[in-house]
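Visitor: The lines below spell out each chain.
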Amino acid sequence: MTKSNIKTSRRKFIRSGIFAGLTSVTGFSAGIVVNRAKAESSEEKEKVLTTDGRLVEVDKSQIEEGKNSVVGRKESMKGLPDRKFVMVIDLAKCKNARKCVDACQEGHYLPKDHEWIKIYYLQDAPNTSPYWFPRPCFHCDNPMCVSVCPVGATYKRSDGIILVDNKRCIGCKFCMTGCPYSARSFHWKEPEVEQPDVEYSPETNVPAKEGTVGKCVWCADLLRQNKLPRCVTACPMGVIYFGDMVEDAVTNGVETIRFTKLMEQRAGFRYREDLGTHPSVYYLPPVNRNFPVDSGFEGHDEEIRKRYEKSIEQIIAK
Amino acid sequence: MNGISRDSLLLTFKSYLETTTRRWYFVFFFLLLLFLFGIAGLIRQVTGGHIVTGMRDNVVWGVYIVNFIFFMGLSYAGALISGVLHLFKSDWRKPIIRMAEIITVVSLVIGPFFIFFCIGRLERLPYLFIHPRIQSPITWDVIGISTDLIGCFIFLYLSFIEDFAILRDQKKINFPSWKHKIYRFLALGYTGTPEQQKAIRISRNIMAAMIIAIAIIVYSVLAWIFGVTLQPGWNSTIFGPYFVIAAVYSGTGMLILLMYLFRKVFSLEEYITKKHFVNVGVILLIVAAFYGYFTFSDYLTKWYGSVKMDTTLIDKLFSEFYWMFIFANYLGILIPIIIVGIPRFRTIRNITIGALIAVIALWFNRYIIVIPTLETPFLPIQDSRIDWINYSPTWVEWSLTLAGFSVFFLFYMVISKLAPIISVSEMTHETDEGKKILS
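Residue numbers (my numbering), protein chains in the order written: chain A, 1350 to 1667; chain B, 1492 to 1930.
These are computed hints drawn from the structure, not numbers from a lab.
On a predicted model such as this, the values are computed, not experimentally measured, just so you know.
Yeah, the Cβ is synthetic: ideal placement off N, Cα and C, and Gly gets one too.
Any given hint could turn out to be false.
Which stretches of chain B does chain A cover? Using the computed rule of at least three CB atoms under 8 Å from a CB of chain A, they are [as the list claims (entries may be wrong)]:
1. 1531 to 1544
2. 1549 to 1558
3. 1623 to 1637
4. 1701 to 1712
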């Protein structure tokens, strides 16, 4: 452990050394002194749990707050170790409150056009009842979007998450035609929402870039901090469960349930299993609903209601 | 083809190669104007973002991709007519192969530009080479098209070497000295020795065979960009051969159009006769029949079954895209077949009209392959904005489309100033061992 400790501190010192060296030669030597002094003087140690589950003791001066570090492309490709994330959406509870959409757009500084989670009004057959269908990115295990990307701008991680690197994306939109769930959206113009002045990370897709593709990232940055995705916490009905297949547990922020049990008891399914994409998002059928489906039209702008008009007409026509 | 002397053929082109008429300038500047209009559109798109096009999140590919497939299809004409006829050594091909070969190279140069227009971040185009992923059909396309372009260019150039030597050595036409220097350079010191002739003959045979294979591969790969996806209407096993046939069809049609145009412009009635129109017309007829057959079997299987997404797509084709569908897949096939098939209708003008219909129909064929599928995703489009539901191209897209076509003809105008549009060397070759095989 001490060896790796030295290694990291050395890397750190080299990095800071280079930074200093860029400014001046004296700065370079000063950088070394400061670093060495820091490493030697601090005797306070702290026990830290690493992401792969080891308990290590590190120098206090070495500890940086996790949320401050921006995860770059290389790190973002790895995925959190020993995790396989899964989402379960309970269709019986959804009433198109759209809080997930708002929280997502706010959290990712998305323009109104971009709904990484979209709520559809679906009816499966002429004599069945319509229901509300939230659709995030399915983070498929056999992802079409990743296969067709010509430059490796979109990739699948070991924990199941699929990300888009908008610094690599050339904007060919092949992934958008590849995705059978219309889960991806394109920045057709400069994003209308002011983007924060932060370093870019594929885990957040912020700041957005014109001419590139974006999509739901399952709030990979929050997961890294052991927090739930924004849509999960924002939903007032507790529709969306998020969790880990390895731990076999999912939670909607209120209750935590075993994933396998939920699937067994509530007849969980995946949307369009026949397409062979193996989504990581499961649905629970809209049985014993908490709300009448029409309540989903209430309290929204004219624009939102208009979206579903055509689908309602088709349903009535049948 | 006997009795045509090198001198008389050169004299036919003498006035075009020596002087430039006012009409030439007029047409040239008109086309240039269209091209500049396209540049204006491109500037608008680069500054304003892709929002200035009609493309939106559902229909992410529009007229640009249609043009891309269309021009790549045209490029097939050269590969087929010159490649196949070269290998068969049919004599009648001689006056028209150069036109066909130029179609190939020119449209291969223009086609990829429409992909560039479609790309959100043009400055990252080099990433296709820096960070390529071989799993992606786009990477297959990058490899295929660049190979095809190089191959077809070599094939075209090989047929030009002898002509450049002739132009360098002849005394009938007075060229300015800079042109003379160009010919001397491009002729690569060809003097017509038996070894040189043999080298050119062998390399042309090899290249002819190669470009046929490459063209089939490239066009299949292009079809697979659509075929490999899960989208209804695209996910079809027939798409590879279907696209190849459609490409040959539009390319052959384009060749007839150019034959007609050059015959008129250069008064080539002596060299390009009705026989050529009928022969190429027959190729058009055969390909039309194949194309119709493929179209029919592709849509029949989609229509006869009752897969929900296919039904939705077919419904859309027969409602919103009704006239396009009828034109592209009925008239565009039947009219050329009737015109060439019934001897009474087989005049040069009629065949040209048939070819024109075929070429336009093929553009619409690509349109109704690309757009309706994108308008019918698996999850229904639920949007209040009409432009996000239905695609309609904007002036920016049309301007670049027009620019593409104008550049196509501009290339021809410039090339026809540099060298005769009929291969002089080919026309005056005395011996042709091919006669033993076919004649």
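Visitor: When the hints from earlier in the document are held up against this structure, which numbers fail?
Guide: Hint 4 alone not satisfied by this model.
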